[in-house]
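Novice: The lines below spell out each chain.
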Amino acid sequence: MISSPILNIAKKEILDNVRNKWVIILTIIFASLTLVVSYFGSIFSQGWQDFGVTIAGMMSLVQFLIPIIGLMLGYAAIIGEIEKGSMSSLLSLPVARFEIILGKFFGLGGVLSFTILIGFGIAGIVIGVNVSDVNYLDYLIFIGATILLGLIFLILAMFFSTLFKKRSTSMGISVFLWFFFNMILPIIFVGIMAASIGIEGLVSGDFPEWYHALTLLNPLSVYSALVSLNVGPVSTIEGISVSYPAFYSSGVMILILLIWIVGFLILTFWKFDRRDI
Amino acid sequence: MISKVVKCPKCSYKTTVIGESGKKIIITCPKCNTKGNYLFPEEHQQLTKTSDSIAIEVNGLIKTFNGLRAVDNISFNVEKGEIFGFLGPNGAGKTTTIKAMLGLIHTNSGEIKINGYDIKPSGKDAKKFVGYLPERVAFYDNLTALQNLHFYAEIKKSSKEDCITLIEEFGLSDSVNKKVGTFSKGMVQRLGMARAILGSSPILILDEPSGGLDPRGVVLIRNKIREMKNKGTTIFISSHILSEIQEICDRVGIINKGVLVAQDTVSGLSKKLNLKPKITVELEKMSDDVVASVKKVKGVDKVEKIGKSIDVICDPKTKAKVILAIETAGGNIINLYTREPSLEEVFMRFTEVK
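Order-wise, the sequence lines are chains A and B. First residue of the first sequence: 1, per our numbering; consecutive thereafter. First residue of the second sequence: 1, per our numbering; consecutive thereafter.
Take these hints with a grain of salt, some might be off.
What the hints assert, rightly or not - Restraint-style ranges between C-beta atoms, simulated for each label pair:
(1) B/HIS106 x A/ILE259: 23 to 33 Å
(2) B/CYS32 x A/ASP273: 48 to 58 Å
(3) A/ILE24 x B/LYS157: 26 to 36 Å
(4) A/SER250 x B/SER184: 48 to 58 Å
(5) A/ALA213 x B/ILE27: 49 to 59 Å
(6) B/ASP141 x A/ARG274: 21 to 31 Å
(7) A/SER60 x B/ASP72: 56 to 66 Å
(8) A/LEU202 x B/ASP141: 50 to 60 Å
(9) B/LYS157 x A/ILE184: 46 to 56 Å
(10) B/HIS106 x A/LEU255: 33 to 43 Å
(11) B/ASP72 x A/LEU117: 54 to 64 Å
(12) B/GLU168 x A/SER4: 20 to 30 Å
(13) B/LYS257 x A/PRO186: 52 to 62 Å
(14) B/GLY171 x A/VAL18: 29 to 39 Å
Hints listed in this document are in silico derivations from the structure and should not be mistaken for laboratory results. Using N, Cα and C, we set each Cβ at its ideal position, and we do this for glycine too.
In isolation and in its complexed conformation, chain A is listed as follows (with noise of 0.2 Å):
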């Protein structure tokens, strides 16, 4: 299935990107922060059982973090080159317009994923140094969610890149796309649930189940749903303890994050066929 066009491709971005500053910036950032949490979050846990608030702290971390790293390798990879002018150059090349999406997707994926390895693997060193029985299953589903949650924001970019006429409206959008799900639509579910259940409710902390079918529209909680199913115990950082409904499952979890990436591949795809370069 793969063709080495696609893998050509992927090539080159991972090759061109590594050389990225910004990437390069993000990624000490990222390194640097999940080592200082997992560092203090590690030294005063007895063991993998109360290791919850080290946990949700690297998911804050992740869900702060991952969307911006997905967000800037994703706005330019289309509309950056066009503007340039270097996408002329490939597509008259013999390679059909859904391989340059795909090799594209696959290769800054690939930076991203990089990213969040490195970031996860000196959080790792530093907490297996400290706690003694590291449930490393549990630690790598943990990089496997966050792997997704990233590829979600990339390819939610390279679709908006692909949609606009400019590099600059890509990127205003990305950035509202970041404040969007990041501040915006959790206010807006938490205020639907104020306005129906009360203050008292809510720091009872006991939510009703519309409220968590409705936050699976956002694939941060979705996100940090699936950390909580699998690798748990975890607490909000608010230190209200949530507790999920039935039919919160890993499956169900894991199918909503493809399906933004198929979603949004798919989508990506289709416009990008019917532009003119």
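Chain B: place on chain A using the hints.
Specialist: Leaving out everything else, chain B in the frame of chain A:
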């Protein structure tokens, strides 16, 4: 949709029906109300057989941008092994036509074939034959010249070893391992030409190849184009600079405001427009007799006296008579130049009048 005339089997009344091929309809005869089935015949797939000698075939190409026709029903063929010049002022639709030829843009209608492969359904096959130099040459700035060419060679499935040789041939030996981001415009253009030639594609499409080049670069690229032609490569060059095209092209097409206004050999075009050569005769001594007798020669359009020489515009066949007339009138010829009508004149005529 096809329309067919059908005859009623009962009253022989003829009526026209319209429908899709392969579809069955029930017809009621308007005269005698007899009902009958009619099956539209299957449309035969038009087997437009491309002659083996044609490299590029463009047929009825139309492309509109926001309702404006940037390319308006253009058709032309480029024969294998020839150099075809595609001329027109800026914004005439040259780049749009080229982009359509490579499937970079979607056309409103028209058919484009490269070596017999339709660019729309079989773009990947069609593009295997093409080397392309875009109007705006760009590379991946973070990669070196060599890394860039390696990437293109990989996708073209051509030899990676040729990359270094090509870079050197285009005078960039010192910059093989430098990032393209540090290159000057002229260097990028040279590397762009190297990229187009990479893999020795049988068809080269060059959009304004001398853009951004210094005179040495222009000569380098022109020599390269000649070299490629000698190897049998079909070359399609667009330009708004006429002089160089005139020297190397077998045929030219002139495009203006999206319309192909002329398509012929350079001399053919001059003939069509009745452009005549100009003879400049330098004399030892100017005399009015000479001018008068030249004016009398049949086929001479215009005689102009400039110092010790005269400019004569005349039919190509009367050149000898003009010289004879000068000598009979006592003129002593020192020197003689003939200037054939230039493409510039042809071009100006076609693009101004319209």
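Novice: Taking the hints in turn, state whether each one holds.
Specialist: Results of checking the hints against the structure:
Checked against the given bound of 23 to 33 Å, the beta carbons of B/HIS106 and A/ILE259, roughly 29 Å apart, stay inside it. Between B/CYS32 and A/ASP273 the C-beta distance comes to about 53 Å, which sits within the given range of 48 to 58 Å. Distance hint for A/ILE24 and B/LYS157: a CB-CB separation of about 33 Å, consistent with the stated range 26 to 36 Å. As the Cβ distance of A/SER250 to B/SER184 is approximately 56 Å, the hint placing it in 48 to 58 Å holds.
For the pair A/ALA213 and B/ILE27, the supplied restraint of 49 to 59 Å holds, since their beta-carbon distance comes to about 58 Å. For B/ASP141 paired with A/ARG274, a C-beta distance near 28 Å keeps the hint of 21 to 31 Å intact. In this structure the supplied range 56 to 66 Å holds for A/SER60 paired with B/ASP72, their Cβ-Cβ distance being about 59 Å. Take A/LEU202 and B/ASP141: their Cβ atoms lie about 51 Å apart, and the range 50 to 60 Å holds.
As the Cβ distance of B/LYS157 to A/ILE184 is approximately 48 Å, the hint placing it in 46 to 56 Å holds. As the Cβ distance of B/HIS106 to A/LEU255 is approximately 35 Å, the hint placing it in 33 to 43 Å holds. Our hint of 54 to 64 Å for B/ASP72 and A/LEU117 holds, since their Cβ atoms are close to 55 Å apart. For B/GLU168 paired with A/SER4, a C-beta distance near 27 Å keeps the hint of 20 to 30 Å intact.
Between B/LYS257 and A/PRO186 the beta carbons are some 55 Å apart, a value that agrees with the proposed interval 52 to 62 Å. Taking 29 to 39 Å as the suggested C-beta distance range, the pair B/GLY171 and A/VAL18 conforms, at roughly 30 Å.
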